[in-house]
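*Asks:* Each residue of the sequence shown is one higher than the last, beginning at 1 in the numbering used here.
Bear in mind the hints are in silico, worked out from the structure with no lab data behind them.
Please note that a few of the clues may not be correct.
[Stated by the list, open to error] The calculated DSSO-like cross-link candidates involving lysine-lysine, where the alpha carbons are at most 30 Å apart (straight line), are:
#1 K269 with K167
#2 K277 with K79
#3 K277 with K337
#4 K337 with K144
#5 K365 with K338
#6 K79 with K357
#7 K277 with K144
#8 K357 with K337
#9 K277 with K357
#10 K269 with K338
#11 K269 with K365
#12 K167 with K144
#13 K277 with K167
#14 K277 with K365
#15 K269 with K337
#16 K338 with K357
#17 K337 with K365
[Said to hold, decoys possible] Cβ pair distances, simulated, as ranges:
#18 D166 with G336: 26 to 32 Å
#19 A65 with G142: 51 to 57 Å
#20 V170 with P327: 28 to 34 Å
Idealized CB from N, CA, C, for every residue including glycine.
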Amino acid sequence: MRRYWLLFAQTVTIALGVYVVIAALRPEWTTRAPTQVGVGGPGRAVPVLQAPGGGPAPASYRDGASRAMPAVVNILTSKALRETHPLLKDPFFKRFFGDKMPPQEQMASLGSGVIVSGDGYILTNYHVVEGADEIEVGLADGRKAAASVVGTDPETDLAVIRINADKLPVIVLGDPDQARVGDVVLAIGNPFGVGQTVTLGIISALGRNNLHINHFENFIQTDAAINFGNSGGALVDTRGNLLGINSAIYSQTGGSVGIGFAIPVSTAKTVLDAIIKHGQVVRGWIGVESQDITPELADSFGLARDRGAIIAGVVRGGPADRAGIHPGDILLAVQGKKVSSTNDMMNLIADLPPGGKATMTVMRKNRETAIDVTVGRRPRQTP
1 MRRYWLLFAQ TVTIALGVYV VIAALRPEWT TRAPTQVGVG GPGRAVPVLQ
51 APGGGPAPAS YRDGASRAMP AVVNILTSKA LRETHPLLKD PFFKRFFGDK
101 MPPQEQMASL GSGVIVSGDG YILTNYHVVE GADEIEVGLA DGRKAAASVV
151 GTDPETDLAV IRINADKLPV IVLGDPDQAR VGDVVLAIGN PFGVGQTVTL
201 GIISALGRNN LHINHFENFI QTDAAINFGN SGGALVDTRG NLLGINSAIY
251 SQTGGSVGIG FAIPVSTAKT VLDAIIKHGQ VVRGWIGVES QDITPELADS
301 FGLARDRGAI IAGVVRGGPA DRAGIHPGDI LLAVQGKKVS STNDMMNLIA
351 DLPPGGKATM TVMRKNRETA IDVTVGRRPR QTP
């Protein structure tokens, strides 16, 4: 019995010695990855990534931010402000200066922009550059350049400006059609003029409209902090690809409350291409006023459907009037594409080329009718 006990003691001693040597030379062989019990299903344990020095590795979006940040610029504008002081309106002063009062200029940081072309084209908001006499662009690398307005589209609150500079960083355009509610996004801009800033959030909603911000609305809603100065900046995915142009916030205080809106890059790209090619955005128009069909309207008119656009008015002598569309008609489809709301109708008609013919499917007295309309050119409007 004593013999077996000595053999056991020697075996334990040798095993402990081997363990000490391994622990000193190869400590990773003797450590065990920490686990979170219950993650991934009942009774399952999932390893947690270990950061150098211990503790779980924090999620980081630095790669996506570093790819996008160089292409986001600060935009400063100057405006000639005349008769800003009450004394300048005094008749006594006007006797000496007349209408030749020297204008006063004020330079202010009003927003951000995104470089989308190596040729110097920059997307921003219309309200950022509206009425500006001079525009200066500050690049992320510290360079500054004068910019000129290539074209604007007030109906989507977008503008294209251009600078002349070498070796410009260009952002990669993403695919907003692949975006989903809950996706992580980064907002990049220059809030309150403090300098380039990145904020984090998720996509809160897609296709937001009827907000009465722009004529054409299809906003990405996000809770990433967007403040004054972020307008015209970039909303990007975690890879740094551009998803939208930050445009507006819902706030009663002027600061971010977690409800911000960005114009999808698909809309921005369409506006960009049109402005570069034509100097402005040309849209289709048929001259109608419409209203969504609500359940209440459907009941009062005895309609079998509560979705679509009812024609509330027709411009006399306009394309729809000449084609025979009447008030009370329900627009069901444009060129075979279904109309679910007035917003759908506006976007579908706006995409039609002026001068061409388009088939409008309408319901009149519970009968569907196809009417060909020669599309006109939408009059240029301001917000």
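*Asks:* Take the hints in turn and mark each one as holding or not.
*Replies:* Cross-check of the supplied hints:
{"no.": "1", "hint": "K269 with K167", "in the structure": "22 Å, holds"}
{"no.": "2", "hint": "K277 with K79", "in the structure": "28 Å, holds"}
{"no.": "3", "hint": "K277 with K337", "in the structure": "27 Å, holds"}
{"no.": "4", "hint": "K337 with K144", "in the structure": "47 Å, violated"}
{"no.": "5", "hint": "K365 with K338", "in the structure": "19 Å, holds"}
{"no.": "6", "hint": "K79 with K357", "in the structure": "44 Å, violated"}
{"no.": "7", "hint": "K277 with K144", "in the structure": "26 Å, holds"}
{"no.": "8", "hint": "K357 with K337", "in the structure": "15 Å, holds"}
{"no.": "9", "hint": "K277 with K357", "in the structure": "23 Å, holds"}
{"no.": "10", "hint": "K269 with K338", "in the structure": "24 Å, holds"}
{"no.": "11", "hint": "K269 with K365", "in the structure": "41 Å, violated"}
{"no.": "12", "hint": "K167 with K144", "in the structure": "13 Å, holds"}
{"no.": "13", "hint": "K277 with K167", "in the structure": "24 Å, holds"}
{"no.": "14", "hint": "K277 with K365", "in the structure": "44 Å, violated"}
{"no.": "15", "hint": "K269 with K337", "in the structure": "22 Å, holds"}
{"no.": "16", "hint": "K338 with K357", "in the structure": "17 Å, holds"}
{"no.": "17", "hint": "K337 with K365", "in the structure": "21 Å, holds"}
{"no.": "18", "hint": "D166 with G336: 26 to 32 Å", "in the structure": "48 Å, violated"}
{"no.": "19", "hint": "A65 with G142: 51 to 57 Å", "in the structure": "18 Å, violated"}
{"no.": "20", "hint": "V170 with P327: 28 to 34 Å", "in the structure": "49 Å, violated"}
Violation of the numbered hints given earlier is confined to hints 4, 6, 11, 14, 18, 19, 20; the remaining hints are satisfied by the structure.
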